[in-house]
Amino acid sequence: MKKIIEGRIIFNEKTSGGYYNMRIKAAWNAENVVPGQFVTLKTNENGMPLIRRPMGIFKIAPPHIEILYKKIGSGTGLLSKMKPGETISVLGPLGNGFTLPEGRKSAILVGGGYGISPIACLYEELKRKKVKILIVIGAKNKSLVFKKGLPGAKIATEDGSDGMKGLVTDLLEKLCQKVSCSTNVIYACGPEQMLKAVAKVAKKHNISCSVSMEALMACGVGVCLSCVCALKVKSGFEYKRVCTDGPVFDAGELDW
Amino acid sequence: MVNLKINIAGIKMKNPVVLASGTCGFGKELADIFDLNILGAIIVKGTTLLPRAGNKPPRVAETYFGMLNSIGLQNPGVAAVIKEKIPYLRSFNLPVIVNISGNSKDEYAALAKVLSRTEGVSGLEVNISCPNIKHKHAGLFCQSLRDIAEITTAVKRVSKVPVFVKLSAEVSDFKQTVKTAERAGADGLSLINTLRGMAIDIKTRRPKIANVIGGLSGPAIKPIGIRAVYEAYNSVKIPIIGMGGITGVEDAVEYMLAGASAVAVGTATFYDPFASVKIASGLKAYLERNKLSSVIKLTGKVTL
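In order, the protein sequence lines correspond to chains F and A. So the first sequence is numbered by the working numbering: it starts at 1 and just counts up by one. So the second sequence is numbered by the working numbering: it starts at 257 and just counts up by one.
Calculated directly from the structure, the hints in this document are not laboratory data. Heads up, a few of these hints could be off.
[To be verified] Capping the alpha-carbon separation at 27 Å, the derived lysine-lysine pairs in BS3-like fashion look like this:
# : chain 1 : residue 1 : chain 2 : residue 2
1 : F       : K132      : F       : K200
2 : F       : K232      : A       : K284
3 : A       : K270      : A       : K464
4 : A       : K459      : F       : K71
5 : A       : K268      : A       : K459
6 : A       : K270      : F       : K3
7 : A       : K339      : F       : K234
Remember, it's a predicted structure, so these values are computed and weren't measured experimentally.
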């Protein structure tokens, strides 16, 4: 059941890669939240911005959840000024999270940009389930890399200032050559172009791949039909809602 | 004890607060968040004869105190709506009004014929003001008095349920527009649809929505909606469902004072799914505070 709650902010501080990390006390049962789900936040009680901001869940620590965000616009600008003890309207948990297919013992996690947030959340869950994890992170440069709490993460930066010079998919390609396609699964979250490239690598190596899509969203609950992405169907394609049909989709089903 | 009940063009509602078409799907998603029975009615997503994929994303852009959308009437088509969507809504105790869209008067009539004979459908809202689909004439159907008359007449001829004609305020002579719908037999009016707008990303120099132009909704358009309802109320005798930027009970009261018999909540539901529920309870409190026995006493009572 989706709920709106007034969540109390526990902390809201700058962290690795220029991100902010906010911990919110969520009165709904945080135990039922799964990695890949998201919440929407009303950053201003009345007035601008009007629309809630969707945020992937970064950490599930009942009765708290955490989000990771960057100060990029009016909404996240207001968010960054909020202080511990203040409350914020949280709608969630929303969307369908990641699932681990039967028989998969190892996972490759791919995170780019803000996509690192649900990927880091999934990392914790898979660690608990004793799944073997490889993690690759892509960013434009070193200052934008979030790697806190992600030991052993392999990094690719476009300018070579951290890890390998190149794209995250170059790293992924190398990893895929070494792993078994039947026991592995790829999980990715990041910009659409990155996900498209990840899906291509996964297909080439015949590895099951789930991607978590990002989209502009107005309602987050499936009524506005703003956040659609195209899925392949017999007759061509069909637009599905990222908020309620996703945000996690099988990469092979998407009509890139 | 205050009375919130209304009878609008023959449709009985327990209160005048309804969900606006295009902002509540076919009810199911919001029913997971609150009890739909609290509301006066639901006006479900724009329905067309055949399924429509909708427009390419991005479909939405936030603007000052509002948003632009260009969804393009994505819907599963009338057959699926009748088979899958309406039966679900029958389990609730609230009138269902189906918003219909077509490319010709024959399409509107075909939709009206089948939907008005579907159990569970209490009314039709004829959308001749959608900014997001292309017609043979450039612009909106409701910008042509002849189209308004022809489509309304065609729908009224076959409909078994009350017909609300949904119009835009983006016309040269609004009074003539509403009078034309009334003369053609409309049982009520839905005022107003979104207004056409555009937003450009100055970094990429590209329009923020893929369809270039979209419909503006939200608090930004409320004064235009109030003006339209006020002008319509003074031009026609048929009842009006007022909409456009209603976010709180104050907005709902304002629309009613301007002449609306019912109010529809749209964009506000996106950022507060409980907006309509809060408005319904707020309206009761407003009547009590102002010692008004019935909500119908508000309609058209602006003091000039």
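These are the hints, each one checked on the structure:
no.: 1; hint: F:K132 <-> F:K200; verdict: holds (23 Å)
no.: 2; hint: F:K232 <-> A:K284; verdict: holds (25 Å)
no.: 3; hint: A:K270 <-> A:K464; verdict: violated (40 Å)
no.: 4; hint: A:K459 <-> F:K71; verdict: holds (18 Å)
no.: 5; hint: A:K268 <-> A:K459; verdict: violated (51 Å)
no.: 6; hint: A:K270 <-> F:K3; verdict: holds (25 Å)
no.: 7; hint: A:K339 <-> F:K234; verdict: holds (22 Å)
Checked against the numbered hints listed earlier, the structure breaks hints 3, 5; every other hint is satisfied.
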